[in-house]
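Asks: Put together the whole structure using the sequences plus the hints.
Protein chains: 2
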Amino acid sequence: MQGTQQPTSQTAAYQATDRTVPTRSADRASYDKEVVHAILDEAYVGHLGFVRDGAPVVLPTLYGRVGERLYIHGSTGSRPLRMTGQADPGLPVCLTVTHVDALVLARSAFHHSINYRSVVVHGVAYDVTDPEEKETALHALVDHIVDGRSRDYRGANKKELAATAVIRLDLNEVSAKMRTGGVNDEPEDLELPHWAGLVPLRKGYEAPVADALLAPGTELPDYLKTL
Amino acid sequence: MQGTQQPTSQTAAYQATDRTVPTRSADRASYDKEVVHAILDEAYVGHLGFVRDGAPVVLPTLYGRVGERLYIHGSTGSRPLRMTGQADPGLPVCLTVTHVDALVLARSAFHHSINYRSVVVHGVAYDVTDPEEKETALHALVDHIVDGRSRDYRGANKKELAATAVIRLDLNEVSAKMRTGGVNDEPEDLELPHWAGLVPLRKGYEAPVADALLAPGTELPDYLKTL
Chain R
65 MQGTQQPTSQ TAAYQATDRT VPTRSADRAS YDKEVVHAIL DEAYVGHLGF
115 VRDGAPVVLP TLYGRVGERL YIHGSTGSRP LRMTGQADPG LPVCLTVTHV
165 DALVLARSAF HHSINYRSVV VHGVAYDVTD PEEKETALHA LVDHIVDGRS
215 RDYRGANKKE LAATAVIRLD LNEVSAKMRT GGVNDEPEDL ELPHWAGLVP
265 LRKGYEAPVA DALLAPGTEL PDYLKTL
Chain P
65 MQGTQQPTSQ TAAYQATDRT VPTRSADRAS YDKEVVHAIL DEAYVGHLGF
115 VRDGAPVVLP TLYGRVGERL YIHGSTGSRP LRMTGQADPG LPVCLTVTHV
165 DALVLARSAF HHSINYRSVV VHGVAYDVTD PEEKETALHA LVDHIVDGRS
215 RDYRGANKKE LAATAVIRLD LNEVSAKMRT GGVNDEPEDL ELPHWAGLVP
265 LRKGYEAPVA DALLAPGTEL PDYLKTL
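Top line first, the protein sequences correspond to chains R and P.
The first sequence begins at 65 in our numbering and counts up one residue at a time.
The second sequence begins at 65 in our numbering and counts up one residue at a time.
Be aware that one or more of the hints could be misleading.
Any copy, or any two copies together, can satisfy a pair, since identical chains are not distinguished.
[Claimed, not checked] Derived SDA-like pairs (lysine to any residue); straight-line CA-CA distance at most 25 Å:
{"no.": "1", "residue 1": "K198", "residue 2": "P272"}
{"no.": "2", "residue 1": "K97", "residue 2": "Y190"}
{"no.": "3", "residue 1": "K223", "residue 2": "D117"}
{"no.": "4", "residue 1": "K267", "residue 2": "N179"}
{"no.": "5", "residue 1": "K198", "residue 2": "V188"}
{"no.": "6", "residue 1": "K97", "residue 2": "R243"}
{"no.": "7", "residue 1": "K223", "residue 2": "H175"}
{"no.": "8", "residue 1": "K223", "residue 2": "E252"}
{"no.": "9", "residue 1": "K222", "residue 2": "G141"}
{"no.": "10", "residue 1": "K289", "residue 2": "Y269"}
{"no.": "11", "residue 1": "K222", "residue 2": "R88"}
{"no.": "12", "residue 1": "K267", "residue 2": "S177"}
{"no.": "13", "residue 1": "K267", "residue 2": "L254"}
{"no.": "14", "residue 1": "K267", "residue 2": "D286"}
{"no.": "15", "residue 1": "K223", "residue 2": "Q79"}
{"no.": "16", "residue 1": "K222", "residue 2": "T84"}
{"no.": "17", "residue 1": "K289", "residue 2": "V210"}
Simulated from the structure, these hints should not be mistaken for laboratory data.
Replies: This is how it looks when you write it as structure tokens:
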């Protein structure tokens with residue numbers, strides 16, 4: 065991701081705000097939409113923050129992206145979704161997504177770190193009530209798990225749709241932050257005998273494990289062979 | 065992790081509270097300390113939520129665990145750490161840690177899911193000012209990245225210690241939540257021709273990449289060979 069820290073044009077970047085300019089390591093921040101989208105699309109789970117009785121709550125959640133909108137779904141009984149439905153005009157939230165790419169082992173304790181890519185989205189979540197938008201959102205949520213899957217399942221029926229709440233969070237106040245590259249030790253520490261370097265984390269997938277009760281003749285679909 | 069959902073004894077479990085009892089899928093919740101510790105110890109990054117100007121903020125952070133205490137560190141200029149130092153008696157926070165273990169592809173859109181393990185910690189963060197506790201915390205933070213590493217580095221000097229803030233979050237109001245196992249389709253959907261099953265995510269590490277400027281004769285340490 066190096067070399068992508070700066071937005072390529074005004075229209076391809078989010079406007080920085082007081083909340084999205086980091087207090088430190090500002091050189092690691094990016095407002096580039098392509099950078100933000102790539103980080104969001106690669107992750108499965110985001111961490112959704114909201115305020116309940118004055119205290120912060122952070123819950124893991126699946127999400128889907130349609131252009132500049134994120135959708136989150138869950139049971140109509142789930143706390144943030146219920147709170148969003150009851151809030152007027154919406155529920156202030158923060159959704160954060162992080163990839164850990166490598167452990168960074170420096171010669172000094174101080175410079176230990178990790179290589180990561182994260183996105184922080186500030187905004188207000190709104191209940192999605194329009195049936196068409198809700199369907200679009202639910203397709204996006206499944207396609208976010210596996211691209212193309214929404215053309216190969218039994219769609220939600222009325223009862224399931226009624227049990228599912230969907231909320232929308234627009235991508236307006238957004239920033240990415242990342243650390244890439246190697247170890248940043250102090251020059252005077254370079255001769256120390258401690259091993260230093262990166263330990264990259266494994267990424268990707270293990271072989272799919274088919275359900276024991278697959279209908280006869282059901283084969284592994286192409287979109288899973290190319291994951 | 066199946067079979068570990070219930071605490072084995074009162075002393076080995078966190079006390080459930082209004083905030084830690086989920087509004088749904090309560091059978092996926094656990095208050096068992098061993099379960100919680102294992103989830104915390106396996107992850108690198110937690111998502112720290114706090115309230116700023118009435119709105120939620122969620123930031124990724126490294127952390128370390130010493131018994132029933134979590135430590136988070138950062139620059140003294142970082143927002144949540146600075147806010148904790150200024151808050152009296154401390155800063156209400158929520159720290160959440162999540163592992164994604166597998167994608168769950170069901171025959172129906174509704175039953176798509178992921179297998180995951182998460183921990184949510186509610187509490188108040190306190191600034192760590194005692195030098196001995198701060199040193200313990202910083203060791204734990206590095207050992208959390210790679211176990212044993214704190215015996216093989218150049219420790220922080222006065223200037224580095226002064227630039228580093230550490231906050232403490234006690235494990236009192238804590239719960240784990242997880243989904244394990246296979247696909248939960250409706251009985252009437254089993255004959256549908258859609259592939260269903262799990263796609264496990266790859267875990268582990270790639271080969272370590274040594275810094276180009278390692279001191280001559282510095283070999284890969286044993287604690288990295290057994291990662």
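Asks: Would you mind marking each hint as holding or not holding in the structure?
Replies: Now the hints, each set against the structure:
1. K198 <-> P272: Intra 29 Å, inter 45 Å, cutoff 25 Å: neither.
2. K97 <-> Y190: Answer is within; shortest intra-copy Cα gap is 22 Å, inter-copy 36 Å.
3. K223 <-> D117: neither (32 Å within a copy, 40 Å between copies)
4. K267 <-> N179: Intra 14 Å, inter 17 Å, cutoff 25 Å: intra and inter.
5. K198 <-> V188: within (17 Å within a copy, 37 Å between copies)
6. K97 <-> R243: For K97 and R243, only the intra-copy Cα distance (18 Å) is at most 25 Å; the inter-copy one is 33 Å.
7. K223 <-> H175: So K223 and H175 pass the 25 Å test across copies only (13 Å; inside, 54 Å).
8. K223 <-> E252: Answer is between: at 15 Å across copies they meet the 25 Å cutoff, but 66 Å inside does not.
9. K222 <-> G141: Answer is within; shortest intra-copy Cα gap is 17 Å, inter-copy 51 Å.
10. K289 <-> Y269: both (11 Å within a copy, 23 Å between copies)
11. K222 <-> R88: Answer is between: at 21 Å across copies they meet the 25 Å cutoff, but 49 Å inside does not.
12. K267 <-> S177: both (19 Å within a copy, 20 Å between copies)
13. K267 <-> L254: neither (30 Å within a copy, 31 Å between copies)
14. K267 <-> D286: both (20 Å within a copy, 23 Å between copies)
15. K223 <-> Q79: Answer is neither: 41 Å inside a copy and 36 Å across each miss the 25 Å cutoff.
16. K222 <-> T84: Neither. Shortest intra-copy (40 Å) and inter-copy (31 Å) distances fail the 25 Å Cα cut-off.
17. K289 <-> V210: Within. Shortest intra-copy distance 11 Å satisfies the 25 Å Cα cut-off; inter-copy 34 Å does not.
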